[in-house]
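Here are the chains, one letter per residue:
Number of protein chains: 2
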Amino acid sequence: MHIESESADKPALQLDFRTAPDDYRHWSISVDGPVATLIMAVDEKSPAAEGYELKLNSYDVGVDIELYDAVQRLRFEHPEVRAVVITSGIDGMFCAGANIRMLGTSSHSHKVNFCKFTNETRNSIEDASHHSGQVYIAALNGTAAGGGYELALATEYLMLIDDGNAAVSLPEVPLLAVLPGTGGLTRVVDKRMVRRDLADVFCTVEEGVKGQRAIDWRLIDETVPRSKFAARVTEKAREIAAESDRPEGEPGIKLERLERAQTENEIRYPFVAVTLNRVERNATIEIQAPESDAPDDMRSVQEQGVDFWPLAVTRALDDALLHLRFNEPALGTLIIKTSGDGSRIAAYDALLGGNQDNWLIREILLYIQRTFKRLDVTSRTTFAFVEPGSCFVGMLADLLFAVDRSYMLDGQLDQRPGPTIRLTNLNFGALLMANGLTRLETRFIGDSDSLETAKQLIGQDLDAQAALEAGLITYAPDDIDWEDELRLLLEERASFSPDALTGMEANLRFAGPETLETKIFGRLSAWQNWIFQRPNAAGESGALKLYGTGKRAKYDRGRV
Amino acid sequence: MHIESESADKPALQLDFRTAPDDYRHWSISVDGPVATLIMAVDEKSPAAEGYELKLNSYDVGVDIELYDAVQRLRFEHPEVRAVVITSGIDGMFCAGANIRMLGTSSHSHKVNFCKFTNETRNSIEDASHHSGQVYIAALNGTAAGGGYELALATEYLMLIDDGNAAVSLPEVPLLAVLPGTGGLTRVVDKRMVRRDLADVFCTVEEGVKGQRAIDWRLIDETVPRSKFAARVTEKAREIAAESDRPEGEPGIKLERLERAQTENEIRYPFVAVTLNRVERNATIEIQAPESDAPDDMRSVQEQGVDFWPLAVTRALDDALLHLRFNEPALGTLIIKTSGDGSRIAAYDALLGGNQDNWLIREILLYIQRTFKRLDVTSRTTFAFVEPGSCFVGMLADLLFAVDRSYMLDGQLDQRPGPTIRLTNLNFGALLMANGLTRLETRFIGDSDSLETAKQLIGQDLDAQAALEAGLITYAPDDIDWEDELRLLLEERASFSPDALTGMEANLRFAGPETLETKIFGRLSAWQNWIFQRPNAAGESGALKLYGTGKRAKYDRGRV
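Taken in sequence, the protein lines are chains A and B. The opening residue of the first sequence carries number 1 in this note's numbering; numbering runs sequentially from there. The opening residue of the second sequence carries number 1 in this note's numbering; numbering runs sequentially from there.
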């Protein structure tokens, strides 16, 4: 089926983000001691939608889903892997970037979400390199063009084969009238720190740059003659692997296929249930507390594997967010709820916090962090409703600070006691936003007193009044107002322009410092979204539509 | 005349940015010792274009041009002014923000440029408060809505009259489906540090917030009962004025009307000439060196007034950039050239650098800084061509680092000696970009060796090879290639999509740290530009078009 046109309530292309190496069509993983190699050999006959072929190792969201899965598996299933080489299985072409026919025929919505997911995967590659001791290297055994070079930029070391042909390039501006928007421009000047005028030249030269000039301009780190390429890549990978703090002789945990039961209006995972309200255009994500006590030691954690509650919850939440983003664009508001015994969560938090040096706990914490970041950048309104029987404790309490607004019942609705929330140490350091701050630091930016007060409340069960006073929730309606207030809130939100809300939320969520990640999501993506709307790129005579037809795009020459 | 439709080569609405208090229709300035008051009383019958009335102290670019002029005059003409109160001449309404009919009937291009200019003026207000000892206060004697509140946010202290009605509000999202995009969202969370969930509430409440809640949420600093308002504003202004380091008993310098001679393809100012090439769609800005030696002392500087070369050049460049931006949108490339005796400039630079504590020199340096920032955020390609007879020295050399690329002739074209460039101390601290770094620091980010090397070259005349080696220019073609290379460069640039270039340039120019200013221009503006393109706002059934007609906008509900 074709990728849907704009504004389909439910796109015909329904994506499943669950996959496994045996099902990969485009990537393969090989592991040789401390070095893993990810080989991209895109099957051009297996695009995610109809209407294009994935020639020259170009990619679409289907290729990206496999890459994301591979990056996750290397982290969890392969504690022994300390360096990851990304290379191509196609001679002379590392990767040609995002498939242009796919971009030309996609809806604006699909293009934007595709770019966001691709950016997130690249950030997860950098996260592995910087925080997991699993450092990525790009072995460019052929040309890396456009998104292909952007993928290479997400690694820490770029080696380019010296065969007289292979080059790195970002030809989007001259060829397609769009930006190298999956991190490219930002990584060129802010990560590689390429001088801005040289970056300007590089981004307008279709054929790219190679050899010593590519090194001088900081675009790559090394060129290697064809005859020595494989050996030099292995040598470099082993050298980098030797610096890693990944463990020796520990078993990994297998990322079993995520269980998911799906009906028209409900998706059920272990510990997470998503209810879709198509009439009111919202979705409720309810996260359940663990059903048993936290394990006593790391051996038990290891044995539980993907059933270990924090990991199970995170996998489900990750999948739910991606599903909602791509498959349910009409549901404009996400409501987070929780249920169950919060005191159990505190014990899990203590286990996580007390074992941050353990490789597996580190991976789990980083995965929670990445998944919560996906919520931060989601282009939906996010609310949290704190009801009786809920368990916004520690890790789950962080969701109160991730959402746009939180509402907590002040009192009781039935015989159950009024809800409480509880902070743990996890809210004060382990889970950072893209801006490098915790969600509480961002919430209380410029208000260190409130941050200090919140710290003093760690471990206390706070009722609605106490939470309101501490600035931890937005509103605390009482039992009489509760139902009406939430109903009006959801109705009001659904009445606003989705575009204006997306822009507003993106600007209010990230106070404070900027990082590579916030620049990519806040600046580069916003510009790309703008350009994706412009006739010069996406119109019937735009460059994206006409590429490959032999016709030249006709541009409106006015500068804006 | 109406504001032009998209893509007019030359908009029918030609703006003149030169004005003076005697010609103001919307603002008045009154000065009482150390406190000046800027009173906004918009003449609703005097819009900049036809088709709308400026009711309720709403503004358009004509109102903004006067405000910009007033801010400039207070700085230069009134050294005695240490606090500036912005207030309204209309009872019960401080300012209703940008005129909605104007936005609804404007082209995308005009909306974007109008927002940019408005943002720059607000940044210049903050610049005066933070660096000039002329601190702005908002005396909100009525409601400040939308852009009206955004204007207030540009001041350092917000006082709201407590009359039971007056409120502050940002109703753009619910009413108009656009963002509070002239700095509003960014200033709310990053300057005022309003908690993000409260900011979310505030930006969706049409009627706004007032009273103690507005203080508690950090939206304002103080409320004052009507009976005490005037007295309290004066008291506060005098209190703030007392902290200023502005001089006592010094005369100001009069900002005489800027001389400008304009023909179809040329604009001539003192020391600046602009040549418009409509066929090749570019403009050349040639800046001339001083014609006499730098004055010996501050008294002479004062006497020269607006004829003092650095000030004269800056005023002309400022006007030229604004003129090109609004009145000549089809000219996509700006070429900077210089001519004259560069050694004279070095003497001026020494005079500026040696008198940074003098209030007037400080103003001139800050004005150069603001004007060069206008070049940084211009949505045109910028090149510098260094030819024989040029004088890229010090202050003018900084333009080499402001542009996207620079080309310097290596050798001679005629009998004249090959060109040289020269750095001065001014390139290493006095002129900061919006990111808080000098242009050389940004250029050499992550390459401190090159920055250090450049410092060692201060005062030396560098030929093309030396400049190239030091990384100070992009390319150094020789005399044989020079003409062809520049011709091809301009042709190539003119062949690219203007939108893609604008997005690319905006992402490559600001490596390094982010500030309030870069967030406003890079993030908020990019989102607003996107929203200005979306049918939900700007379409025939969009909120911006239908506002005031009684019809409700119909939104496409899909989130992107």
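Heads up, some of the hints might be wrong.
Identical chains share a label here; the pair holds if one copy fits it or two copies do between them.
[What the hints assert, rightly or not] Heads up, simulated SDA-like pairs for lysine to any residue below, C-alpha to C-alpha not over 25 angstroms straight-line:
{"hint": "1", "residue 1": "K10", "residue 2": "S541"}
{"hint": "2", "residue 1": "K191", "residue 2": "G436"}
{"hint": "3", "residue 1": "K554", "residue 2": "P535"}
{"hint": "4", "residue 1": "K236", "residue 2": "H108"}
{"hint": "5", "residue 1": "K554", "residue 2": "H108"}
{"hint": "6", "residue 1": "K191", "residue 2": "L437"}
{"hint": "7", "residue 1": "K455", "residue 2": "A350"}
{"hint": "8", "residue 1": "K55", "residue 2": "S30"}
{"hint": "9", "residue 1": "K554", "residue 2": "D341"}
{"hint": "10", "residue 1": "K191", "residue 2": "L432"}
{"hint": "11", "residue 1": "K191", "residue 2": "T515"}
{"hint": "12", "residue 1": "K191", "residue 2": "G512"}
{"hint": "13", "residue 1": "K228", "residue 2": "T284"}
{"hint": "14", "residue 1": "K228", "residue 2": "E264"}
{"hint": "15", "residue 1": "K191", "residue 2": "G446"}
{"hint": "16", "residue 1": "K55", "residue 2": "G353"}
{"hint": "17", "residue 1": "K554", "residue 2": "R487"}
{"hint": "18", "residue 1": "K551", "residue 2": "E491"}
{"hint": "19", "residue 1": "K191", "residue 2": "S450"}
{"hint": "20", "residue 1": "K228", "residue 2": "L432"}
Keep in mind the hints are simulated off the structure, nothing from the lab. The model shown is predicted, which means the values in this text are computed figures rather than measured ones.
Results for each hint:
no. : hint        : result
1   : K10 - S541  : between (28 angstroms within a copy, 23 angstroms between copies)
2   : K191 - G436 : both (16 angstroms within a copy, 19 angstroms between copies)
3   : K554 - P535 : both (9 angstroms within a copy, 23 angstroms between copies)
4   : K236 - H108 : neither (41 angstroms within a copy, 51 angstroms between copies)
5   : K554 - H108 : both (20 angstroms within a copy, 19 angstroms between copies)
6   : K191 - L437 : both (20 angstroms within a copy, 17 angstroms between copies)
7   : K455 - A350 : within (16 angstroms within a copy, 53 angstroms between copies)
8   : K55 - S30   : within (23 angstroms within a copy, 69 angstroms between copies)
9   : K554 - D341 : neither (62 angstroms within a copy, 44 angstroms between copies)
10  : K191 - L432 : both (20 angstroms within a copy, 22 angstroms between copies)
11  : K191 - T515 : both (10 angstroms within a copy, 18 angstroms between copies)
12  : K191 - G512 : both (20 angstroms within a copy, 10 angstroms between copies)
13  : K228 - T284 : neither (55 angstroms within a copy, 50 angstroms between copies)
14  : K228 - E264 : neither (55 angstroms within a copy, 62 angstroms between copies)
15  : K191 - G446 : between (28 angstroms within a copy, 9 angstroms between copies)
16  : K55 - G353  : neither (47 angstroms within a copy, 59 angstroms between copies)
17  : K554 - R487 : between (49 angstroms within a copy, 21 angstroms between copies)
18  : K551 - E491 : between (47 angstroms within a copy, 19 angstroms between copies)
19  : K191 - S450 : between (34 angstroms within a copy, 18 angstroms between copies)
20  : K228 - L432 : neither (42 angstroms within a copy, 47 angstroms between copies)
Comparing the model with each numbered hint stated earlier shows that hints 4, 9, 13, 14, 16 and 20 do not hold.
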